[in-house]
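Asks: Generate the whole structure from the sequences, applying the supplied hints.
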Amino acid sequence: MQFTAHELGLMLNGTIEGDPEVSVNQLAKIEEARPGSLSFLANPKYEQYLYTTEASVIIVNKDQVLTEPVKSTLLRVDNAYSAITILLEKYNTIKLNKTGIEQPSFIHASAKVGENAYVGAFAYIGANVVVGNNCKIYPQTYIADDVVIGDNVTLYPGVKVYFDCRIGSNVIIHSGTVIGGDGFGFAPLPDGTYSKISQIGNVIIEDDVEIGANTTVDRATMGSTIIRKGVKLDNLIQIAHNVEISSNTVVAAQTGISGSTKVGENCIIGGQVGIVGHITIAKGTQIQAQSGISRSLIVEGKKWAGSPAVSYTDNLRSQVVVNRLPELEKKINELEKIIAELRK
Amino acid sequence: MQFTAHELGLMLNGTIEGDPEVSVNQLAKIEEARPGSLSFLANPKYEQYLYTTEASVIIVNKDQVLTEPVKSTLLRVDNAYSAITILLEKYNTIKLNKTGIEQPSFIHASAKVGENAYVGAFAYIGANVVVGNNCKIYPQTYIADDVVIGDNVTLYPGVKVYFDCRIGSNVIIHSGTVIGGDGFGFAPLPDGTYSKISQIGNVIIEDDVEIGANTTVDRATMGSTIIRKGVKLDNLIQIAHNVEISSNTVVAAQTGISGSTKVGENCIIGGQVGIVGHITIAKGTQIQAQSGISRSLIVEGKKWAGSPAVSYTDNLRSQVVVNRLPELEKKINELEKIIAELRK
Amino acid sequence: MQFTAHELGLMLNGTIEGDPEVSVNQLAKIEEARPGSLSFLANPKYEQYLYTTEASVIIVNKDQVLTEPVKSTLLRVDNAYSAITILLEKYNTIKLNKTGIEQPSFIHASAKVGENAYVGAFAYIGANVVVGNNCKIYPQTYIADDVVIGDNVTLYPGVKVYFDCRIGSNVIIHSGTVIGGDGFGFAPLPDGTYSKISQIGNVIIEDDVEIGANTTVDRATMGSTIIRKGVKLDNLIQIAHNVEISSNTVVAAQTGISGSTKVGENCIIGGQVGIVGHITIAKGTQIQAQSGISRSLIVEGKKWAGSPAVSYTDNLRSQVVVNRLPELEKKINELEKIIAELRK
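Residue numbers (the working numbering), protein chains in the order written: chain H, 1 to 344; chain F, 1001 to 1344; chain D, 2001 to 2344.
Hints listed in this document are in silico derivations from the structure and should not be mistaken for laboratory results.
All clues given are correct.
Pairs of lysine-lysine, DSBU-like flavour, derived with a Cα cap of 30 Å:
| no. | chain 1 | residue 1 | chain 2 | residue 2 |
| --- | --- | --- | --- | --- |
| 1 | H | K196 | F | K1136 |
| 2 | D | K2095 | F | K1196 |
| 3 | F | K1112 | F | K1098 |
| 4 | F | K1045 | H | K283 |
| 5 | F | K1262 | F | K1303 |
| 6 | F | K1062 | F | K1095 |
| 7 | H | K283 | H | K302 |
| 8 | H | K196 | F | K1045 |
| 9 | D | K2095 | F | K1136 |
| 10 | H | K98 | H | K112 |
| 11 | F | K1302 | D | K2330 |
To spell it out: a stretch of chain F is covered by chain H in this simulated footprint if at least three of its residues, at any positions, have a beta carbon under 8 Å from a beta carbon of chain H; those stretches are:
| no. | segment |
| --- | --- |
| 12 | 1020–1032 |
| 13 | 1115–1128 |
| 14 | 1153–1162 |
| 15 | 1171–1180 |
| 16 | 1202–1212 |
| 17 | 1244–1257 |
| 18 | 1266–1274 |
All of these numbers come straight from a predicted model, not from anything done at the bench.
Where is the CB? At the ideal position from N, CA and C, for every residue including glycine.
Replies: The structure is reproduced here in structure tokens:
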């Protein structure tokens, strides 16, 4: 895509200083920009680059004072940061603005797909599926029988949704993520083998959820595994059967949450965290990356670290001493000798 | 699906108390059940809910004594727990009872697919592949050339099986799992680059194995990576080249087992465990979640924890002291002062 | 595939001792080989098996001395190890030597696919895509609009490449890996919800890179996430937005690297390592499995371990004391009592 400074000025309701006909075809950071790039200055820390950048167009705050000559065309707007956010969204909306049904795709005769949909080639939509309006079902996606999906949902290529699952509106799920695979449930038998426990529940994903790539959310044994409104899950996360994650909790990549655990609202959980099953994590809890949570966290809004986790500050203090342990041991041995001498 | 209490009674060989014509269309826990739900009481701990639940039908043990009036229709059976297990299986069998070849799918002219198969749309079955009877090959699954698969196997949507791999009978593999990708083998060259070592072995998966979603099992450099009879692997697990996992071992999500390691029978390995390459894990070993195993575990049936792992009880004891380390250090410093004074 | 000893002799420029007409159809380790197998002896440690193996053909060094009679046909070559490496490569080249466009596949009218390509069934190649010569695009692979791919690239089944990404030449990407999914970027709002930050950058993968199965490499917020020449990534790895991994660095399975971190050249990073965002890892750094890196590592070529990581040797020393902590605590308590007595 290519825009002139003039066109950008109209889009962002800004004023031009310099050549209005210069055109840009990519966005770049001001310190890395090449000719043909659009850049922006929102943070005064980067002001120096205003005078050295090769960007063709720079978006700046309306009141930006210039202390040296600038080569680039300037586009003055009320708020440079908001302007760039608006532009990013417009760019992505254009890039991702697919509609229509590509062939070959498989849409069961009993499935209902709403208005203004994109269904990519090799997508599979099973029996009795209901897909709302303005949804994008990318190529090679699988939606099993009896799944219900709301409006404005994007399933990127290769997402798999098992039967009976429910997905709300304004949900984005990235490639390779599996929703509704069987929970890991097996009953040990006396001969050492295991008998599979059928997993007949489902997964419910509420509105405004985003889930990254190659994450797995298992269906409940009975009832539902639930991802509440506004939750954001990163890539390669494991959510086991019957887990419930409450509204507006964010979870970083490669974390695993074991069966039947309930995570409160507005928690922030770092990457590679492990949480055991059948516990409760209080609202507003923050958990450092690589922590291991082995019991319920009852107090709201507290910060935890370590495996097994203790309070964040306790963990910091212990960790400092752990790294001094060899010297501490030496000291103890010396004290021992001195005392032995004193006793003589 | 919808059943009346009467129909359920015939299926489970039970007797009805209450309205035999009331119908249910979902299963629910007795404490969460809504009208239209089927529920069950197997654990006496939940008996209180018998009198308050909104479930339309409840399966109870034949000899269940009632101490208050019950609104729901009761279905008395010999063993409520077994009855519900039977029902779950029946439900899933009906839900998952697909057969036939959907179009478009790709089945190479030289491939043989057994009786009563389901091959979903966009599934790919390569040259010389042999698939046994009663198999379900879901949409978007890939089975490369020369793969052999037994009877009663389910490959969920998007499973990928590379060439030459062998899969036994009664195997279930969930969506996104990759069987037979190249092992991670590279030879360092003097100039700092790496030369790929061709991985020409395969993966052998024996009977009765279940593998979760988005797990990866790499092919052997030479010979075979082997998953023995009855092994159960959860989601997002990494099994490296030439690993062998013996019968009836279960591995929880996000664990990684490095190259050429041999894991014994009937082990229980927690989530997010890391196991180094070229070691042996004894039969019946239990490993706590997030442990790191850096050497062979020789003694059978022992429990390990920590990274690097020590015996489970030693780890518990050390962990307690780790969390008291700051106070311990303080104590040592005080002792030091006292001794310095004593010496004067 | 089946070869006679005579045919192998011609391929490897070797001389035959024994029956030249005996044929082999698989490779096996000398200690495990069955009749019909080709084996080799490169390491003198395994010489004993030369006289007991059931291999039909064994490749040996030209100057191998025999101290007992050998049942197998011998194939003498200049260097047995090199010979077997050549054979492995030839085997794989034949196994993976697919060409042609299978149907149904989806190739947008504006896409350009080079000479001698393999495009598998159900593969999707979007608008304006450029694919070089000698590429293998396996079934169910997704290449979004405006992606550019070099020569001799293999994308195994189910790889997903989002729009605008760039892939160099001689790149191999295994099944289920996702290139260019959105970075995990959300701005917290005053009401506790999160607003998505559009991720409009891309991923650049340079020449000679290999990436394992089910790994995720996120697109940059702006600019590029970059995987430099010769990098090797294992399975189930998370590479966040705006990360840069320099040439010839290898990363083992299940490691996660957070946003904007820059990893130097020729690093060796173990499995299940976590690296925080916005830091720099010096050239030649080695990181032990399961370590956690929470700050920049400045010194080149150093070895690190632990979470949070310290130098490898310091970690070893501390770890030894951690496991003796309960006994150390006991000793301190005894010293305390003795001192209390001494003071009296």
